[in-house]
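Chemist: Spelled out, the chains give:
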Amino acid sequence: MTAFRKFLIQTSSRTALGFFPLLVGTLVALGVIVLILNHEHVEPRAVYDLIYERTLSLPENRANVVDFWLPILLCCCGLLLTFTAGLWNIGIEGQITMGAVGATSIALFVKLPHNQQILTELFMAGAAGGAWALFTGIMRTRGGVNEIFGGVAMNFLASNFSTYLLVGPWSPPNATGSATVRFPDYSLLPSMDKYRLSPITIYITLTAFIFVLLTLSGSRWGLQLRAMGKNQKSAQMLGVPTERNIWLAMLMCGIMAGLAGGHLVLFRRSNLPANVSGGIGFLSLLVVLLASVRVRWVPIVSFAFALLYSAGLPLRTRLQLDSSLVGIFLGILVFCVLIFDGVRQRLQERIEQRKLLAASGGEKSPPPPTIEIQIGEEVSSGSSSN
Amino acid sequence: MDPVLTSTLADMVRNAAPLLIASQGELITERAGVVNLSLDGTILLAAMAAFAVSYNTGHLGMGILAAMLIGMLVALIVIAASVFLKLNQIAVGFVLTLLCADLSTFFGRKYSGQQGQEIPYAPIPILKDIPVIGEVFFQHNILIYFSFLLVIVVWLWIYHTRFGLSLRSLGEHPAAAYVRGTRVQLWRFVYVALGGALVGLAGATYSLSVKLGWREGSTLGNGWIALAIVIFGGWRPFRIAFGAYFIVGLRALALYLQKEDVLNLPIQIINMTPWVLMLVTLIFVTSGLAESLLVIVPPRWRPAAQQLLRVKPPGALGSNFERG
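If you're matching them up, the sequences are chains W and Z in order.
Taking our numbering as reference, the numbering of the first sequence is continuous, increasing by one, and the terminal residue is 1021.
Taking our numbering as reference, the numbering of the second sequence is continuous, increasing by one, and the terminal residue is 308.
Watch out, some of these pointers could steer you wrong.
Here are the simulated lysine-lysine pairs, DSS-like style, with alpha carbons at most 27 Å apart [claimed, not checked]:
1) K865(W) <-> K70(Z)
2) K296(Z) <-> K70(Z)
3) K243(Z) <-> K195(Z)
4) K296(Z) <-> K868(W)
5) K868(W) <-> K70(Z)
6) K296(Z) <-> K865(W)
7) K112(Z) <-> K195(Z)
8) K94(Z) <-> K195(Z)
9) K990(W) <-> K70(Z)
For the record, the hints were derived by calculation from the structure and aren't laboratory data.
Isolated chain W, as found in the complex:
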């Protein structure tokens, strides 16, 4: 055994190896971005300075990052429920869009006292997003349509429906159909005095996060979702109401995504633009993947993502770099973390096998039955093929 391998085995404590994928993934992603920047003849330092200047240097910029962060975190909270249950809710983009459409339908055409107005708009946002997600769940359980394909179809339907509204019935006079008119002030979410942040969205997001944290860490329903995520068939045989739980998890996720969509139109934009979700649903999926479905990591990871994404536009305007560069960085980061997490798991397996071999006095024994928690897949046990 080489000294390096001995070193690896000795330092294979959970903490050290736990951070290994994130560390290596970040380094690789940064390395690739530096190469791309060199190719584009842009100083990495200039990019760093710009990102810092436009996100963290001033209080209003920090508030802007937080405003960007809240809907992402809200979506992540919903996705934590569906991922835990083993569901790939790719349809979250459509749920955000429908939430925005739901909120807009009230903001444009209904006039109520301010508090009731806001409540009704948020209710419609949550209801529209929830209904969109629930339908995907029902298609999965009753129609046998995989939630990935059901979700993708629902994304396209939501996107086309919102575009139809923008160019048709909700199109402002003499407009190109890229957005509705600005909502009246009484329809908009109130802002804090000092910073442009919505206290209502902060309360909603905080409540959603605490709810998900408590649900997944110490509730019976959370335990049922975990059991379903590990092996849905076994969970069902043990009496877990899997169909009801799929519907509930999808519904909760859809409500949270819908509320995020509501925030986008009722606060950030003050109207319904084309492509309102802007990819934050997929971004949230990446966050949850990067955080390995760990609830406590999600706020930190989503904040980092929000910080980088909110710097995308200045990259284009100031350095003539396409904002997709941020997407490339995050994509490589998540990809590398997945890969190196796989490397870490295999390494740990080998170490455990060696320990077992040493304990049995060198006699070869069959590998221990490992349980792998794989999102969206059933548990694979031991060395079986299926």
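Fit chain Z to the known structure of chain W by using the hints.
Modeler: Okay, now just chain Z, sitting in the frame of chain W:
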């Protein structure tokens, strides 16, 4: 026949070609037991690469080769992550699809809107003169003809060769295939690489033939459609081909009816119809509703109808295989 309808049908055949190629590629991949969810991003990146390489080198062949290599590389990453690291194929594929889409946007921005080369028009002598059929099927370029041929070749390969039997066993029961002496992992790599290359070719078909040139997100959504068509087609080559033509045809028909003032629906609603119909059909077929309606089919036709409506994914789809 109405010349507008004939040209609409010819357009339909041309527009369906990339979907046909990508979905046949994914069929091969999934028949080998692997899900490559990166199709949407791969097609975008391959389309951009095909255009950029042919634009810079002046060789269409180089562009097509670059696209196929990109498709192959992405697919190999998915299978390698699954085989060596036991990672979830869906997670890796999903991340790759987003990454490839961003890469295509970033590296393709200087080619956006540029005029590039086109696969030359190559009508087939004699066949092109057959009334209607000639114009619809035989007045295209070589990639479009390849798309029809591919369906036949894939069908023959899967159902009428020893290799095809082995391919099916990889997806249905890899352990049994291994016991029978098949090198499961090796062949999975081979088929996934082949499927990926076809997905890359689909990208090239877009930028060099169907939607000439490159624009950010120009093929967005088609990879997801191709994936859905594979399910819609029940993992069978001809049904998948029918699915591709059905989806493209529906849209072409709606546009034709709109042009003829028969139907006056907004384009967004027309764009929704393939998805609605796909969902309805999937629910009808996969929920067992279709099978329960078989009682009204005369017993003589029942086995054929059953076979037609059967949608059964490969038994080991998406699972890792380890030698025992």
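Chemist: With reference to the structure, classify each hint as holding or not holding.
Modeler: Now for the hints, and whether the structure bears them out:
1. K865(W) <-> K70(Z): Roughly 16 Å separates the two Cα atoms, so the pair holds.
2. K296(Z) <-> K70(Z): holds, 24 Å
3. K243(Z) <-> K195(Z): holds, 21 Å
4. K296(Z) <-> K868(W): holds, 18 Å
5. K868(W) <-> K70(Z): holds, 21 Å
6. K296(Z) <-> K865(W): holds, 23 Å
7. K112(Z) <-> K195(Z): This hinted pair holds, its Cα atoms lying about 23 Å apart.
8. K94(Z) <-> K195(Z): OK: K94(Z) and K195(Z) at ~17 Å, within 27 Å.
9. K990(W) <-> K70(Z): Roughly 21 Å between the alpha carbons, so the hint for K990(W) and K70(Z) holds.
Violated hints for the displayed structure: none, as all numbered hints are satisfied.
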